[in-house]
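Student: Mind docking chain F on chain E? Use the hints.
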Amino acid sequence: MSDILLQVIVSGLLIGAVYALFSSGLTLIWGMMNVINFAHGDFVMLAMYTAFLVWTAFGGGPAASVPVAAIILATIGVLSYFLLVRHIMKGPMLAQILGTFGLALLLRYSAFWYFGANFKTLPDSILGSPFVLGSIRIDAPRLLAGVVGLVVTVMLHLLLTRSALGSRMLAVSEDATAAQLMGIRPERMQAVAWALAAGSTGIAGALIATFFYTSPTVGETLAIVAFVTVAFGGFGSVPGALVAGLIIGVIEGLSAFLIGPVYKDVVVYLLFVLVLWTRPQGLMGKA
Amino acid sequence: MRQRQLLYAAVAALSLSYPLLTASTPVYQRLGALVLLSAIGASAWNLVGGYAGQVSVGHAVFFGAGAYAALAAYSHFQLPPLAGIPLGVLIAVLIAALIGMPTLRLSGHYFSMATIAVAELVRVLVSNWDWVGGAQGISGPAVPRTFLDLSFTSALPYYYIFLAVLAAILLATWRIETSRMGFYLRAIKDSERAARSLGVAAGRYKLYAYMLSAGLTALGGSLYALMFGFVDPESGFGILISVKMLIMAALGGSGLLFGPLVGAMILVPLEEISNSLLGGKGAGLTFVVYGTIIVVIARFLPSGILAVFKSAGSVPGKPATSGRPHAA
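Just so you know, the protein sequences line up as chains E and F, in that order.
Quick note: the first sequence uses this note's numbering, first residue 1, plus one each step.
Quick note: the second sequence uses this note's numbering, first residue 1001, plus one each step.
Each statement offered as a hint is correct.
The following label-pair restraints were derived from C-beta to C-beta distances: (1) F:L1082 - E:P123: 51 to 57 Å; (2) E:I9 - F:A1167: 57 to 63 Å; (3) F:S1139 - E:R279: 41 to 47 Å.
No lab work stands behind these hints, which were simulated from the structure alone.
Positions of the beta carbon are idealized from the N, C-alpha and C atoms, including for glycine.
Here chain E stands alone, though its shape is the one from the complex (with noise of 0.2 Å):
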């Protein structure tokens, strides 16, 4: 019994750092503009159908899905930001809400329309056999996600934080118009914070594709899990959605395992108004 809930807690903390991946794109877009990617889900849902296309076209493993996904999406979000994202951020907020929407609309059933509704699923024995380690058997794609997602959001972290890359744009989230007469151009860090958020989105989804079913809607509950980590880590802080994407993660196997697979989004969601409703600025949160 305790080897179960030992393995289910494991499984469930490698799947949490993934959260805590692509959920600290969408943090750090809100950290620097106040602005909500509704279509964060669908960047990661475009990364898996990407390491998809890796696979059928060159029969590439994660090796080289991750950098390839990384790149476009990166370029995407670059796009984003110039094309929508820079010109609806002053607007009125259903101006924003809508500008995104509108893309999450536009690249979901691009997707449908393109790989239709049917589930794509890479190969199960794309990264070899199971890993043991005493009494809990982890999937080797599961391992490796969970392993990638980790060390990239701290990367991240330590990017924001100790690197004068990180400063500047640090500057430009407190007063744009103040780092503009030190000399920083504002566009140019936002376009690149959008560039890190959907990269790591890249990446994520590369990495999600392994072990998880490829859908053009898969996107609506990624979205809603990182809106979760989020909201319960505190909007801005990368470390709050690693906290956070751990412990949800747990919390989603724990509750899959104990309640039934049905209910893990239930009591997700659950988790997601308490949390809204007892402590809206979330765990590392400003107030």
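Tutor: The following block gives chain F in isolation, referenced to the frame of chain E:
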């Protein structure tokens, strides 16, 4: 002012005679009914999303509550679906109070995300709730038993039912718009802090708008169930239901009386046409078009189509500050 009255009279005459003008083509009658049905939902959304500026992305909860209540009345109690409407409206208003009291305290985006999460929560719960048919959904009467079932093969009766309901909603909205509550809601939308400091009970008025909006949306859901006689978790609680209300209102002009109707008049025919032109594969492409339109509106017309006319040609001889301040 006279010109405006003439315009209203022309619109009323046209909307009353539309089904008769298109009597030879039932497809157009059906299209008219669908436009009005969507306009009902979008106008209901407009009360809280447009006037009060609280962008709900979870109105499907109320729509679904209305649709399910109407059909549950039939399938469990053999009542006409009509009898379920009051229950659906009541449930929707209660859910709105339950969601609204905690979340309307939160600012902008938090409220939007909370409403999405609640809608998804309810969708998953309903999909697993056998009493209302689980993932299969529930149906209404296959053949009308009495007139009260309001089950017709022609779209004509629905057109007039929807027109009457929409007219009532718009009238109520207009009364609110010109009342004290209307001013309060616009003040809250412009700056909640300023409104509070001037003594507006912002939380209370937002909640009233949300509950009223929820009840009317549930009514729209019930009407949907009457016409289609079937609802499942996706067509009742799906996120696209919420999104369409929002988009129609925003396209026409949110916070403007006729904005949602204008939005529905553009988007519903567009959806129907692209569905029929593109056939089975069109479902995806329709929403690609939808998405593109939304992105373009957000980018170039952030306040909606009607707002353009409003700022370009305000009525001569009427100072902008008297009566109704700009809602944009």
